[in-house]
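**Q** Protein chains in written order, with numbering that gives the first Met the number 0: chain A, 0 to 399; chain B, 0 to 298.
Do not rely on the hints blindly, as some may be mistaken.
[Stated by the list, open to error] One side of the interface only, derived from the structure: several residues of chain A facing chain B at Cβ under 7 Å: (1) 213; (2) 242; (3) 301; (4) 327; (5) 330; (6) 352; (7) 374; (8) 387; (9) 389; (10) 392.
[Claimed, not checked] Sample of chain B residues lacking proximity to chain A, with all beta carbon distances greater than 12 Å (derived): (11) 13; (12) 56; (13) 64; (14) 83; (15) 150; (16) 152; (17) 158; (18) 159.
Worth flagging that the hints you see were computed from the coordinates, not collected in a lab.
No experiment lies behind these values; they were computed from the predicted model shown.
Ideal Cβ positions, reconstructed from N, Cα and C, are used throughout, including at glycine.
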Amino acid sequence: MKLTTPKRIAIHAALVVGSCIFIFPFVWLITTSLKPVEQIMKMPPDWLPRAYYAPVEGQRLKVVKEREIGEPSLIVHYAVGGTAPSRVLLPASKYADGRAEVEVRVADRTELVRVPAVVEKEVPGGCWLVREKLERLPQDPGPPARWDCVSPAQIEERIEPAWWNYRGAIRYTGYYEGSFLGLKYRVPMFLVYLRNTLLVAILGVIGTTLSSALAAYGFARIPWPGRDKVFLVALSTMMVPFAVTMVPLYGVFRALGWIGTLKPLWVPAFFGSAFNIFLLRQFFRTIPQDLSEAARIDGCSEFGIFWRIMLPLSKPALAVVALFHFMWAWNDFMGPLIFLTKQETYTLSLGLQFYQSQHGGSEWHFLMAASTLMILPIVVLFFFTQRTFIQGISTTGMKN
Amino acid sequence: MIRAMTRNQRRDLRNGLLFISPWIVGFCVFMVYPVASSLYFSFCDYSVLERPVWIGAENFTELAHDSVFWTSLGNTLYYAVIALPLGMMLAIGVALLLNTKVRGMAVYRTIFFLPSIVPVVAMAILWLWILNGRYGVLNYSLTLLGLPAKSLPAWLESKHWAMPALILMGLWGIGHAMVIYLAGLQDIPVHLYESAEIDGASWWQKTVHITLPMLSPTIYFNLIMGIIGTFQIFAAPYIMTNGGPERATHFYTFYLYNLAFEDLRMGYACAMAWILFLIILGLTLLATKVSAKHVHYER
Numbered sequence: 000m001k002l003t004t005p006k007r008i009a010i011h012a013a014l015v016v017g018s019c020i021f022i023f024p025f026v027w028l029i030t031t032s033l034k035p036v037e038q039i040m041k042m043p044p045d046w047l048p049r050a051y052y053a054p055v056e057g058q059r060l061k062v063v064k065e066r067e068i069g070e071p072s073l074i075v076h077y078a079v080g081g082t083a084p085s086r087v088l089l090p091a092s093k094y095a096d097g098r099a100e101v102e103v104r105v106a107d108r109t110e111l112v113r114v115p116a117v118v119e120k121e122v123p124g125g126c127w128l129v130r131e132k133l134e135r136l137p138q139d140p141g142p143p144a145r146w147d148c149v150s151p152a153q154i155e156e157r158i159e160p161a162w163w164n165y166r167g168a169i170r171y172t173g174y175y176e177g178s179f180l181g182l183k184y185r186v187p188m189f190l191v192y193l194r195n196t197l198l199v200a201i202l203g204v205i206g207t208t209l210s211s212a213l214a215a216y217g218f219a220r221i222p223w224p225g226r227d228k229v230f231l232v233a234l235s236t237m238m239v240p241f242a243v244t245m246v247p248l249y250g251v252f253r254a255l256g257w258i259g260t261l262k263p264l265w266v267p268a269f270f271g272s273a274f275n276i277f278l279l280r281q282f283f284r285t286i287p288q289d290l291s292e293a294a295r296i297d298g299c300s301e302f303g304i305f306w307r308i309m310l311p312l313s314k315p316a317l318a319v320v321a322l323f324h325f326m327w328a329w330n331d332f333m334g335p336l337i338f339l340t341k342q343e344t345y346t347l348s349l350g351l352q353f354y355q356s357q358h359g360g361s362e363w364h365f366l367m368a369a370s371t372l373m374i375l376p377i378v379v380l381f382f383f384t385q386r387t388f389i390q391g392i393s394t395t396g397m398k399n
Numbered sequence: 000m001i002r003a004m005t006r007n008q009r010r011d012l013r014n015g016l017l018f019i020s021p022w023i024v025g026f027c028v029f030m031v032y033p034v035a036s037s038l039y040f041s042f043c044d045y046s047v048l049e050r051p052v053w054i055g056a057e058n059f060t061e062l063a064h065d066s067v068f069w070t071s072l073g074n075t076l077y078y079a080v081i082a083l084p085l086g087m088m089l090a091i092g093v094a095l096l097l098n099t100k101v102r103g104m105a106v107y108r109t110i111f112f113l114p115s116i117v118p119v120v121a122m123a124i125l126w127l128w129i130l131n132g133r134y135g136v137l138n139y140s141l142t143l144l145g146l147p148a149k150s151l152p153a154w155l156e157s158k159h160w161a162m163p164a165l166i167l168m169g170l171w172g173i174g175h176a177m178v179i180y181l182a183g184l185q186d187i188p189v190h191l192y193e194s195a196e197i198d199g200a201s202w203w204q205k206t207v208h209i210t211l212p213m214l215s216p217t218i219y220f221n222l223i224m225g226i227i228g229t230f231q232i233f234a235a236p237y238i239m240t241n242g243g244p245e246r247a248t249h250f251y252t253f254y255l256y257n258l259a260f261e262d263l264r265m266g267y268a269c270a271m272a273w274i275l276f277l278i279i280l281g282l283t284l285l286a287t288k289v290s291a292k293h294v295h296y297e298r
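Chain B extracted, bound-state conformation:
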């Protein structure tokens, strides 16, 4: 094949490969090898200190009967099902408000965006303090709204309220998604609205029939990123609740990390990681199929 090429083609091939050679090295060392060995380890008993021992599909059958695994999967889905739609509504809502070309837009945008650049560890520590059951300012604000102090939850110390507390914290960080929605909104051609206005469409009709359909590729993109992000939530439960109370915030990656680096059950953890990989792949493919049917792309 190489021989059949012209001199220019050969030169291009050589140059192209030379330019991407750092990436190729990194791809092999930091991607192909780890992914392949992770797959191999998932069929092994492996503790990093000793050589892996092949045990077939035992890790996977054990996972199927591991109640903590199912709890962590359930918790992650619980978070995704509540936090993603809420976050999406909030982010789109704020983006719609900001897209009205009001005065001071840059200031508002900065304020709503700023929380999303707060480093996750600092955010976790700040919210530990805000959510504190006794001295926390959240509960204090709720008493100002007239709620009786005794009925207020202890948030992170309560197995029912720890997850809503983390969801609340997550909503504070919607700024990133908001900026993407805002860019999406600004890309919608003005003529669509103008013709709708001539037809006498109300604000609500324009939102439902123009804005949301035109925004659907962005919504779809944010949704996929959101699901992938949820499955990788780690720092918040690690720092704030250590997965508790009573495993109420035992997230998927939190359990995975503990298996691998606390219990040194690396083979078992790899099996769990591969299930995560398959879930992400499956969801992405599903979302692509669904979006091909329902998402509106303007060409």
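Only chain A is shown next, with the shape it has when bound in the complex:
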């Protein structure tokens, strides 16, 4: 169809607007994941991640702008009765004759007392209290953050992504402590989730590709009596929702002692799935029968034909099956939720949900970073396999 120029422009305009809307959640995901925590809960939102630098106790540091100081103030040092010296900021009005009015904890209450104090610095109103930005988790040990008061001119603002959020997100869920050959080691839980997910996905891919290909061959290339009826039964299992089988399956896996292990998530893949069998059968049927006949005359066994002729010729279809299963396993949430019980067996889906249910509502920078880490491999995989993927979806959509 030939399009006129105004029509072409209108179509492009609609596609650009639509694309912007569709891509926006990704943009928001990534910018949030790269913002320092102080910048998250802001209205109107900041679109770019920012970092602030200021001199703190003579050193130039990355800081958090805490608050603006209204009245003239002082930074003073004092020590009460043998305790460690304190450094505080207090209004100039609370200091006179070498003594500062400070709050001191006595037993279980605080008292206002006047103590001898030394002035370190006078702070005019309009300055900012800045605190060193600590890039470590609250539970990690380390010296307390340093602070200082600086004039606005001394604070330098830079557009700088907080890459640290990603390190924080990985370590935030805690560590798995294990030992191997007597050697103790500590791994971030996030990496344990990743390993579990990869294990389930890869074993599942191997299992479903092999077993579905075998069954598909049996349904597509060998004319045995009753074949088509059995195939219809196989197809009809696609209509059975997981909700129907999940309760008895739970019982089966419990009897086998598999609850709390990864086995319920990958072992069933080794017994084929109707959808994949259907997909591969369609493909096998397109391969000329002459090839099998020639091999049979050469004395090749049925399995030999399957293994040496069918499989190599069916790589595109096998790739679709493998890809779909990998995506499905990476995505699966209900299976892990039902069958996994220990945190060290969680998959990424379950780990991320667990994390959200524990820290949801505040740690958005970590949550977005962790979500990005979960989405990224899938997006990368998609970009490398786009053609296979789109073709797979198109054919499964049409042939039904």
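Mind docking chain B on chain A? Use the hints.
**A** Same frame as chain A, now just chain B:
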């Protein structure tokens, strides 16, 4: 019967069964046994910890009087009735735009498709943040469009707006359906359009009289998959709203999961699962009948 076969037929039978034997084992263990016992459990009082006790149709009569069951069924239908037609229009609309062979089609297609591969848990968490009533970027965008900040809904925290919020999130994931529609559109023979153009048909006439009828098998396929998918929505309400507020997002499978694995009322949950199964079967059969009458298949 076996004896009446020729040697070749016997060999084929043996080989065929050997090839499908892994599937047969899986079919028996992971399908026949669970489906049969699920049916049996649906007539039992069963908690997985103890043996099932036969109670007849009690689970089903209780379900009929269970207001939460009806709420969850109603919510699921509410979602299906609004989200499926909207999603279908959007997906067909985008597919029609992409089918005009514009430049950069591959890029646009990727952009519209990408959201549909985002893992459901990550999607739920991302949208929790987007839909946040106070700091959410959706409400902020709406204020940019000139809507007063006070009139904006709290989305997932509001019993009226939680469901529209989930529908909105669902629309983001139409990419999968869009790709299927696009493939359907590309299969329509060009000669149909050419002859219509000779007759002076407008774009709208071609869409209504050629494109949509030719696309009807695809629409029908996506519709059935959509209905089945809606009845299995679980992760979004589980992660984002926990079925609330005030059960506004209590979906069918969400309630079923809670009955089975939170309350350990597995027999009752199985009864609910079987009703779901029958609904899906019924809808599929109905759709097949309707489509046989109205859907255009080119042979």
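**Q** Name the hints, by number, that the structure is in violation of.
**A** Result: hints 4, 8 and 11 break, sorted rising.
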